[in-house]
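If you read the sequences in order, they're chains A and B. Those letters in the first sequence? Residues 3 to 348, per this note's numbering, in order. Those letters in the second sequence? Residues 48 to 332, per this note's numbering, in order.
Source of the hints: derived by calculation from the structure; they are not laboratory data. Check the hints yourself; a few may be wrong.
Per the computed footprint, the stretches of chain B lying under chain A, defined by three or more beta-carbons under 8 Å from a beta-carbon of chain A, are [what the hints assert, rightly or not]:
(1) 56-69
(2) 72-80
(3) 129-138
(4) 179-187
(5) 265-271
(6) 314-321
Facing chain B, from chain A, some residues (calculated, C-beta under 7 Å) [claimed, not checked]:
(7) 129
(8) 137
(9) 141
(10) 145
(11) 152
(12) 153
(13) 204
(14) 261
(15) 271
(16) 300
So these bits of chain B aren't anywhere near chain A, every CB distance computed over 12 Å [stated by the list, open to error]:
(17) 144
(18) 161
(19) 274
Since we're looking at a predicted model, the values are computed, not measured. Where a beta carbon is used, it is the ideal one built from N, C-alpha and C, also for glycine.
In case you want the letters, here they are:
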Amino acid sequence: MTSISTTVDQATPPVVNVRRQTLSGVIALSLFALIIVALATMAWWAKTGTIRMVLELCCYIVAAQMWNMLAGYAGLVSVGQQAFIGVTGYAVFVLAQTFGVNPFLAIPLALVVPAIVAIPCYLLLHRLDGPYFAIGTWVVAEVFRLVASNLGWVNAGAGMSLGVMRDYSGFERNVAMSILCALMILVAIGGSYWFLRSRYGLALIAMRDNPVAASSQGVNVRRLRFMIYVAAAVGCGFAGAVYFMAQLRINPPSAFDPMWSNVAIFIVMIGGIGTIEGVVIGALIYFVADRFFGEYGASYFVVLGVMTVLVALYARTGIWGMISKYWDAPWFPIRRHLMVEKEDRS
Amino acid sequence: MQWFDALIQGILLGGMYAQYALGMALMFGVMRIVNVSHGDLVILLSLIGISLASSFGLGPFAVMAALVPLAVALGWILQRAVLNRVVGEDPLPSLIATFGLSLALQNLMLQIWSANSRSLPGGGIESRSIEIGGIYIGLLPVIVLLVATGLTLGLDLVLKRMRFGRALRAASADVEAAAMTGINPRSVYAMATAIAVGILGFAAVFQSLRSTVAPSDGGAQLIYAFEAVIIGGMGSVWGAFAGSMVLGIAQAIGFRIDPGFGVLSGHIVFLLVLALRPQGLFGRA
Numbered sequence: 003m004t005s006i007s008t009t010v011d012q013a014t015p016p017v018v019n020v021r022r023q024t025l026s027g028v029i030a031l032s033l034f035a036l037i038i039v040a041l042a043t044m045a046w047w048a049k050t051g052t053i054r055m056v057l058e059l060c061c062y063i064v065a066a067q068m069w070n071m072l073a074g075y076a077g078l079v080s081v082g083q084q085a086f087i088g089v090t091g092y093a094v095f096v097l098a099q100t101f102g103v104n105p106f107l108a109i110p111l112a113l114v115v116p117a118i119v120a121i122p123c124y125l126l127l128h129r130l131d132g133p134y135f136a137i138g139t140w141v142v143a144e145v146f147r148l149v150a151s152n153l154g155w156v157n158a159g160a161g162m163s164l165g166v167m168r169d170y171s172g173f174e175r176n177v178a179m180s181i182l183c184a185l186m187i188l189v190a191i192g193g194s195y196w197f198l199r200s201r202y203g204l205a206l207i208a209m210r211d212n213p214v215a216a217s218s219q220g221v222n223v224r225r226l227r228f229m230i231y232v233a234a235a236v237g238c239g240f241a242g243a244v245y246f247m248a249q250l251r252i253n254p255p256s257a258f259d260p261m262w263s264n265v266a267i268f269i270v271m272i273g274g275i276g277t278i279e280g281v282v283i284g285a286l287i288y289f290v291a292d293r294f295f296g297e298y299g300a301s302y303f304v305v306l307g308v309m310t311v312l313v314a315l316y317a318r319t320g321i322w323g324m325i326s327k328y329w330d331a332p333w334f335p336i337r338r339h340l341m342v343e344k345e346d347r348s
Numbered sequence: 048m049q050w051f052d053a054l055i056q057g058i059l060l061g062g063m064y065a066q067y068a069l070g071m072a073l074m075f076g077v078m079r080i081v082n083v084s085h086g087d088l089v090i091l092l093s094l095i096g097i098s099l100a101s102s103f104g105l106g107p108f109a110v111m112a113a114l115v116p117l118a119v120a121l122g123w124i125l126q127r128a129v130l131n132r133v134v135g136e137d138p139l140p141s142l143i144a145t146f147g148l149s150l151a152l153q154n155l156m157l158q159i160w161s162a163n164s165r166s167l168p169g170g171g172i173e174s175r176s177i178e179i180g181g182i183y184i185g186l187l188p189v190i191v192l193l194v195a196t197g198l199t200l201g202l203d204l205v206l207k208r209m210r211f212g213r214a215l216r217a218a219s220a221d222v223e224a225a226a227m228t229g230i231n232p233r234s235v236y237a238m239a240t241a242i243a244v245g246i247l248g249f250a251a252v253f254q255s256l257r258s259t260v261a262p263s264d265g266g267a268q269l270i271y272a273f274e275a276v277i278i279g280g281m282g283s284v285w286g287a288f289a290g291s292m293v294l295g296i297a298q299a300i301g302f303r304i305d306p307g308f309g310v311l312s313g314h315i316v317f318l319l320v321l322a323l324r325p326q327g328l329f330g331r332a
């Protein structure tokens with residue numbers, strides 16, 4: 003808690019406290035810490051099947067939160083984040099399989115790739131206006147897919163297998179997957195929360211509400227958008243690296259699957275765009291729906307699509323938006339409340 | 048000679064892309080929205096056309112006569128039921144709504160028509176060709192190009208000369224000022240989308256005549272339309288037409304170099320235009 007005394011009125015300077023944490027926030031943060039610990043220790047209490055399922059869910063949460071930062075805060079609607087998911091997945095396979103780098107070391111090393119690739123992509127795409135930016139990102143993802151399908155040293159259309167994983171026992175792999183899950187969630191959710199509470203977060207929220215007004219207040223909108231784009235590329239890349247390491251196989255159609263964007267958009271829109279809580283709620287809904295209705299295939303996706311349309315038409319703030327209208331208890335509070343202390347100073 | 052042939056084939060291919068791109072240019076010009084389900088609508092209309100042809104034994108031009116009014120109605124309903132609610136300054140709602148629609152349409156088509164590729168029997172015109180100076184030119188691609196040119200000309204005339212075209216241009220320049228002069232933007236928008244999707248009725252017949260269609264093909268058609276619009280420059284319908292030609296030529300030449308390189312070379316030309324001339328080849332700077 004910070005204490006600021008204003009000098010506006012010399013006679014009675016009101017003492018103002020800035021309250022940033024709430025009770026619900028403290029409870030949620032403790033739960034979050036517990037979940038991270040539970041994830042990291044999964045190898046000791048969960049079955050391999052469960053770990054794989056949780057890993058998939060974690061990847062979706064990360065991809066969705068990255069899309070949320072892009073679309074919900076930076077105003078950059080992308081339908082091509084699979085470009086970075088695939089590129090990083092491939093980078094892990096090339097490092098580990100072709101160059102013999104330890105696969106678990108290859109994951110952090112591979113994260114350099116999306117960061118570098120994202121820079122020219124953004125320099126090209128930022129020239130496109132709103133909706134055209136979105137389709138442009140899709141073209142970039144398609145370019146990556148076609149290049150990977152034609153590139154001999156990533157085995158072209160046939161794809162690659164991560165044979166080096168044979169050197170590790172099942173338990174060792176489970177430990178690695180558990181720790182990676184915990185790290186992903188910590189970086190994507192914890193990192194976003196930390197970022198949104200920092201002074202950059204303040205600038206970002208100002209930009210979300212009105213970019214023109216924000217830039218007149220000294221926010222460097224262009225630089226902030228660029229930063230978010232690169233950060234989201236690295237975040238998606240992390241999810242891709244972990245996902246394909248667990249899959250042990252990668253090929254161009256799966257690496258650059260537009261399904262990643264479909265899922266990320268569904269999760270964020272249903273849960274509530276522009277909030278971290280929304281991503282968590284949306285991911286859980288998607289995951290449960292996928293377990294129960296995934297077997298219905300096409301008709302299940304028809305329902306997902308129609309739900310996305312309905313949210314865009316009638317409930318743009320999603321489920322979390324509706325909840326927080328009636329019950330103001332944020333799990334990840336980022337607002338700053340000014341509390342004026344009424345004390346007698348005479 | 049081989050490259051000249053590729054050039055001709057590219058221009059003919061461009062005729063096909065122009066039929067997708069016109070509607071997209073029109074909708075973006077008027078409402079500043081991109082309909083993500085643009086390509087899926089082409090596929091939906093194609094599949095309806097193929098089913099009509101097989102159940103009633105219709106020829107391709109009879110199918111076209113049935114599909115175009117259907118497409119116009121579909122466009123009008125799309126605007127009234129969905130797009131009019133999401134038009135606005137913020138691009139997000141319209142993108143998300145049409146994105147969801149695209150997902151739903153694609154999977155609905157998969158459910159009804161299965162994942163198989165189908166095509167429309169053309170009664171021989173799809174395989175007929177004419178020889179000019181040693182180059183064989185397919186009759187169907189020539190018809191496609193002529194229809195595309197006719198549609199572009201017609202749309203240009205409507206926008207420039209007709210009362211509705213003036214209302215449309217007024218609404219695209221300043222929607223509030225247009226509303227003050229007695230134009231109802233919502234009905235103008237509905238007409239614009241009806242025209243845009245109506246053109247897809249033509250495109251659907253030609254697409255299913257010249258190759259096969261499957262429910263998952265929509266995304267590629269959307270991307271081609273989008274690339275053509277950006278390459279040409281967002282200014283005019285003729286820009287979209289010219290952009291389609293450039294895209295068609297780029298793809299045809301790419302296919303000659305390596306079959307795996309065709310679509311990719313179209314994307315590369317698009318990215319080059321974006322890097323070197325972001326306002327488009329024929330756009331105003």
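Tested hints:
Counting residues of the region 56-69 of chain B whose C-beta lies closer than 8 Å to any C-beta of chain A gives 0; at least three are required, and the coverage claim is violated. Remark: the region 72-80 of chain B is confirmed as covered by chain A, as 3 of its residues place a Cβ nearer than 8 Å to a Cβ of that chain, reaching the required three. Counting residues of the region 129-138 of chain B whose C-beta lies closer than 8 Å to any C-beta of chain A gives 4; at least three are required, and the coverage claim holds. By the rule of at least three residues with a Cβ nearer than 8 Å to a Cβ of chain A, the coverage given for the region 179-187 of chain B is violated, with 0 such residues.
With 3 residues carrying a beta carbon less than 8 Å from a beta carbon of chain A, the region 265-271 of chain B meets the three-residue requirement, and the given coverage holds. Only residues whose C-beta sits within less than 8 Å of a C-beta in chain A count toward coverage, and the region 314-321 of chain B has 5 of them, enough to reach three; the restraint holds. Taking 7 Å as the C-beta cut-off, the interface hint given for residue 129 of chain A holds, the closest approach to chain B being about 4 Å. Taking 7 Å as the C-beta contact cut-off toward chain B, the hint placing residue 137 of chain A at the interface holds, the least distance being around 5 Å.
Because the beta carbon of residue 141 of chain A sits about 6 Å from the nearest beta carbon in chain B, less than 7 Å, this interface hint is met. Interface restraint check for residue 145 of chain A: the shortest CB-CB distance to chain B comes to about 5 Å, inside 7 Å, so the restraint holds. For residue 152 of chain A, the suggested interface contact is upheld, since its CB lies about 5 Å from the closest CB of chain B, less than 7 Å. The criterion of a C-beta within 7 Å of any C-beta in chain B is not met by residue 153 of chain A, whose closest approach is roughly 10 Å, and the hint is violated.
Taking 7 Å as the C-beta contact cut-off toward chain B, the hint placing residue 204 of chain A at the interface is violated, the least distance being around 22 Å. Violation of the interface hint for residue 261 of chain A is found here, the shortest Cβ-Cβ separation to chain B being roughly 10 Å, above the 7 Å cut-off. Restraint check, residue 271 of chain A versus chain B: the minimum CB separation of about 6 Å is within 7 Å; hint holds. Hint on residue 300 of chain A holds. Least Cβ distance to chain B is approximately 4 Å, under the 7 Å limit.
At the 12 Å boundary, the C-beta of residue 144 of chain B falls inside the reach of chain A, the nearest C-beta of that chain being 4 Å off. Look at residue 161 of chain B: its CB is around 10 Å from the nearest CB on chain A, not clear of 12 Å, so calling it non-interface is violated. The non-interface label for residue 274 of chain B is inconsistent with chain A: the shortest C-beta to C-beta separation is roughly 7 Å, within 12 Å.
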